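Chains D and X, in that order, give the protein sequences.
Numbering-wise (my numbering), the first sequence opens with residue 1 and increments by one.
Numbering-wise (my numbering), the second sequence opens with residue 1001 and increments by one.
Simulated from the structure, these hints should not be mistaken for lab results.
All of these numbers come straight from a predicted model, not from anything done at the bench.
Don't take every hint at face value.
Unchecked claim - Covered, in the sense of this in silico footprint (three residues per stretch, anywhere, with C-beta under 8 Å from a C-beta of chain X), are these stretches of chain D: (1) 49-55; (2) 114-125; (3) 132-146.
What the hints assert, rightly or not - Between beta-carbon pairs, the in silico distance windows are: (4) D:I74 - X:L1084: 27 to 35 Å; (5) D:D138 - X:L1049: 30 to 38 Å; (6) D:K102 - X:A1005: 51 to 59 Å; (7) X:L1049 - D:G106: 39 to 47 Å; (8) D:A155 - X:L1084: 26 to 34 Å; (9) D:T12 - X:L1084: 47 to 55 Å; (10) X:L1200 - D:V13: 47 to 55 Å; (11) X:D1043 - D:E35: 46 to 54 Å.
Just so you know, even glycine gets a beta-carbon here, dropped at the ideal spot from N, CA and C.
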Amino acid sequence: MSTHVRHLRGLTVVTALMITAGLALTFFYAPLDAEQGFVQKIFYIHVPLAIVSLVGFCLGGVYGIGYLRTGKRIWDMRSYCAIHMSLIFSVGGLVAGSIWAKASWGHWWVWSDPTLVSYLIVILLYCTYQPMRFSIEDPERQARYAAVFSIVAGAFVPINFIIVNLSSEYLHPRVLNLEGGAMPGSMKLAFYTSLVAIALLFATLMKYEMAAKELRIETRRLRRRLLGDDAGPLARTASPS
Amino acid sequence: MRTAAAILRKDLLLELRTLETLPSMALLSISTFVIFHFGLNRDSLSGQLAAGVFTVTLLFAAMLAINRLFLAEREQGGFDAFLLAPVDRTAMFAAKATALFIFMVALELVAVPAFALLLAPPRLGHSLAGFVLLLVLADGAFAVIGTFVSALAVHTRARDLIGPIIGLPLMLPALIATARGIGPLLTANSSGSPQLKWLLVLALYDLFNALLAVGLFDYLIEE
C-alpha cells in the first residue's frame, strides 16, 4: 500500500505542475484568437476534456475486455473507475462546449454540429452504466455485465461519431485535422500542454478513486476480522455503498 | 442451429397461443399515429416529418417487444434449463433475435398500412420497395440491439427501466439512418429509391452489432 501511495504522491505533484503550466500557457502565452477573442481560451479546456473523456470511455471498454479474459476484479475496478471519471470529465466538456457555442455561435446548443450531438449521445449512453450496474445484486454478475456494457459502449463511441457526422454538415472548427490544423505554433503548444495536463488529471483522479476503493475493501475486511466474523474472501465490488 | 430453431419455434408458438405482445405492439403504433395527428395538428405528413413520426412509432412498439423478450425464460426457469442443456449459447441469441425480427416485420404489416391510411404520406406506394428495404435493415438493428439490451437488462432489478434507457442511445445511429433514408422517399417528388449511403450505414451497423453481440452474449447468460 505504501509504495502505491508514494507513487500517487509523485503523480499528483506532476499533475499539479502540468495543470499550472497549461493554464499559464493558455492565458499568458497563447495569442488571442483574431475572431473570437478571449472566449476562445475555453478551447484549451473544452477540447482536452472531450478528448480525454472519450479516450477514457474506450479505455473502460479495454479494461472490460481485461476483466472478461482474466476474471480478476482489479480489471473491473479499473473499468468502473475509468468510466466514472470519463463521465465526470465529459459532463465538464459538454458544459464548456455549450459555453463556447453560446459565445461564438450565439446559442447554447447547436444541432448542426455533429461532434456536439454525438458527444451528447455518448454521454446519454454512459449515464446508464451506473443505474444498470447497481441494479444487479450479485457482485460477480455485476462485474461481468458491466464489462459487457463497457465493451459494447466503447465500440459504440467511434461508430456513433461517424454516423452522426454523416447526417449533418460540418460546423465545428477542425483544428485537429490530419494536415496539422490551422493553429499557430504558440496555440499548439498551449493546447498540447493542456491536453497532457488533463490526461494526467484523469490518471491521477482515477488512481485516487481506485486507492480509496481498495482501502475501503481492506478496512471492511479488517473490521470483519476484528469483530470475529469468518471474513473469507469478501465480495469485492466497485459499488459506492 | 437446431437448438436455435427449437427456441424460435417455442417463442413463436407461445406468441401465437397467448397473443400477448403483437396485438399490443400494433395497438400502440396506431395510438401513436393518432397522438401524432393531434400533437402535430396535421392530416397528412410528408418528407422528414413523416419519416420521424414513423421511426419513433416503430421504436415505441419495438420497446414493448424488447421488454418482454426474455420474460418467459426468467419467470419460468427457462434460463436454468437452457444452461443445463449441452448446447451452444449463441443459439439463444440467434433464436431471440430472429423472433424479435419476425415480431417487427409482423408489426410493420399492420403499422405501414395504418400509417398510409391515417397520415397519408405522399408517394409511399411509389417508393414502397426502397421503404421496405430500409425497414428490413432497421428491423435487423432493432432485433440485434434489442436482444442484446434485453439480455443485459433481464437480470437487473429495474429491468423495465434499464432496457429502454440503454437501448435508446445504442439504437440512435440506426434510427438516424432509417429516418434520413425514409425522409426523401416520402416527398412529393421522390425518386423512389433510397440513398445508398443510408442503406450501407444500416447494413454495416447491423453487422457490427451482430458480431459484437454474438461475441459477448455468452457472458450474459452464464450463471
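Each hint tested on the structure:
With 0 residues bearing a CB less than 8 Å from a CB of chain X, the region 49-55 of chain D misses the requirement of three and the coverage assertion fails. Counting residues of the region 114-125 of chain D whose CB falls under 8 Å from any CB of chain X gives 4; the rule of at least 3 is met. Counting residues of the region 132-146 of chain D whose CB lies closer than 8 Å to any CB of chain X gives 7, which reaches the minimum of 3, so the coverage claim holds. With their beta carbons about 32 Å apart, D:I74 and X:L1084 fall inside the hinted range of 27 to 35 Å.
The hint said 30 to 38 Å for the Cβ distance between D:D138 and X:L1049, and at roughly 46 Å that hint is violated. A beta carbon spacing of about 57 Å between D:K102 and X:A1005 agrees with the range 51 to 59 Å that was offered as a hint. A C-beta distance of roughly 26 Å is found between X:L1049 and D:G106, which places it outside the suggested range of 39 to 47 Å. A hinted range of 26 to 34 Å holds for the C-beta pair D:A155 and X:L1084, which are about 32 Å apart.
Look at D:T12 against X:L1084: about 52 Å separates their beta carbons, and that is inside 47 to 55 Å. For X:L1200 paired with D:V13, a C-beta distance near 51 Å keeps the hint of 47 to 55 Å intact. For the hinted restraint 46 to 54 Å between X:D1043 and D:E35, the CB-CB distance of approximately 47 Å keeps it satisfied.
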